[in-house]
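Trainee: Read off the chains here:
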Amino acid sequence: MKEDLDYYLTQDHIARQRTMVFSVVAGALAGAIAESAKAPGDAALGVCLLVVAVIELAGAFSYGRVRKDNRRAAMVLPIRRYLLRAAVPAIGILVLSLLRIPNIEAAVVNRRLREITGEDPFPFEKVDELVNFAIQNRIPIPEKSIAAAQQRVLAAAGPAQSPFVPSPASKTFSRLQAYTLYNVADVRLHLSGAILLPSRVFQFYAPVFESSISVVGESRSTSIIDVRFRRTADMAAALDFAPGMQSDALVARLGATGKGLAPAETPEFIRRAQETSAYNVVALELNISNLHQTLDGFIWIDVAFDRCLIAYRGGAIHLQGVRFLNCEFSASDHEGEKLMDYIKSSGSAPVTFIR
Amino acid sequence: MSERPLLVRNLTTTMVLPKSIFESSWQKARPDLAALLADSLRYLYLWIGMLFAHFVRFAMALSGIDPDTVRYVALMERWTWIASFACFFARVLIRAARAVRRD
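Which chain is which? The protein sequence lines are R and C, in order. Going by the working numbering, the first residue of the first sequence is number 1, and it counts up by one from there. Going by the working numbering, the first residue of the second sequence is number 1001, and it counts up by one from there.
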């Protein structure tokens, strides 16, 4: 018996090969079937290992029924040609494992996003992780998939309790917004959460002081902020990003108007404290009318200003597809005046200027 | 008194030379190492097949086809990979157990 086992382990390559093929095929089938049957990962792995171990043990310990005369299998010694052939797949696997292939990654992430956004209850954390992963690794996801995911997030979020209380879905939604922005304008944001404004008019009788929280409307023409207070030193802007920001912020897809106020009395639409310069504040897809606005320090993407008083104080500026209709401009220095002249000369055409 | 010739036994003996420890170790380990090498080559042949399947998936994904459509190939590829390693280690354990019993 012991001699048989030794002979099997060291001499009979053909018998060992037969056992190996049988155990690998059976183990792979067992594992694949277990996984297809929705067994937990550990259970499927356990089934696979068990099948392989049983077949290997049975092959080794049941060996010995071969007659002595037949035990003259010649030892197959490897020659260089075999080693070269063996090296090819090893190198191929190594190279493939090191390559980053965006098309494949994108297809996999896209499918995964579609799968998990179809789950019930909605897995907000999983979507957060996946989108964050895509942003961090610059994996492109089709725009329509992101839009579909946003719709499902909004549906899962349910009706808003209050216009300025973040819903559980806000973090996920803000991540999707951040992804959209990264896709559209190559701006990478770290957003902490978003307030989702349903499609109606919100009347503001005082500023909203926020640190880091993003504000996202359902659409720029249906989620309207109606500013009803006059500009004073304490109430300078409708949305005021106060000191103490912990992350970037996004104001997106909404309209803002101060139509009940005289133009000289209107507050700014958005303002940020000097101390928050370490973080980005992005204004995306907005319609702003009859309000003041200082352009410095914000990233403006696809924003339309109508009858606004626009100021520029010489700081960093990022305009991308921004339109100015019937606006008045003021600048603090000569460079600013040149920029204002350039904007005026563009008329109602979208302006793109980054400095 | 006649002289009797001495009987001489004409024997041929083989002088057994002492082997070095390396030589004896090599002779002892050689069958196991040869079997291990032969087994490893079989695994590599198996992985060539898996690499081919991987290339097929790779080409499909590059051409824009969602890899989800060939998920069963990916499934079998992954589990064959796992099973081949399981087989390898199962055999290593059998060899180790046998070596311990032999010693």
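Mixed in with the good hints, there may be bad ones.
[As the list claims (entries may be wrong)] To spell it out: a stretch of chain C is covered by chain R in this simulated footprint if at least three of its residues, at any positions, have a beta carbon under 8 Å from a beta carbon of chain R; those stretches are:
(1) 1025–1036
(2) 1052–1062
(3) 1082–1088
(4) 1094–1100
[Said to hold, decoys possible] Per label pair, the in silico range of CB-to-CB distance:
(5) P1031/C <-> D128/R: 36 to 44 Å
(6) G1049/C <-> Q151/R: 24 to 32 Å
(7) R18/R <-> I1021/C: 30 to 38 Å
(8) L1062/C <-> Q203/R: 51 to 59 Å
(9) L1062/C <-> K126/R: 24 to 32 Å
The hints are simulated quantities; they were obtained by calculation from the structure and are not laboratory data. Remember, predicted model here, so these are calculated numbers, not experimental data. C-beta: ideal position from N, C-alpha, C; glycine also.
Trainee: Could you run down the list of hints and mark each one as holding or not?
Mentor: Hint by hint, here is what the structure shows:
no., hint, result
1, 1025–1036, "holds (count 4)"
2, 1052–1062, "holds (count 4)"
3, 1082–1088, "holds (count 5)"
4, 1094–1100, "holds (count 3)"
5, P1031/C <-> D128/R: 36 to 44 Å, "violated (57 Å)"
6, G1049/C <-> Q151/R: 24 to 32 Å, "violated (44 Å)"
7, R18/R <-> I1021/C: 30 to 38 Å, "holds (37 Å)"
8, L1062/C <-> Q203/R: 51 to 59 Å, "holds (54 Å)"
9, L1062/C <-> K126/R: 24 to 32 Å, "holds (28 Å)"
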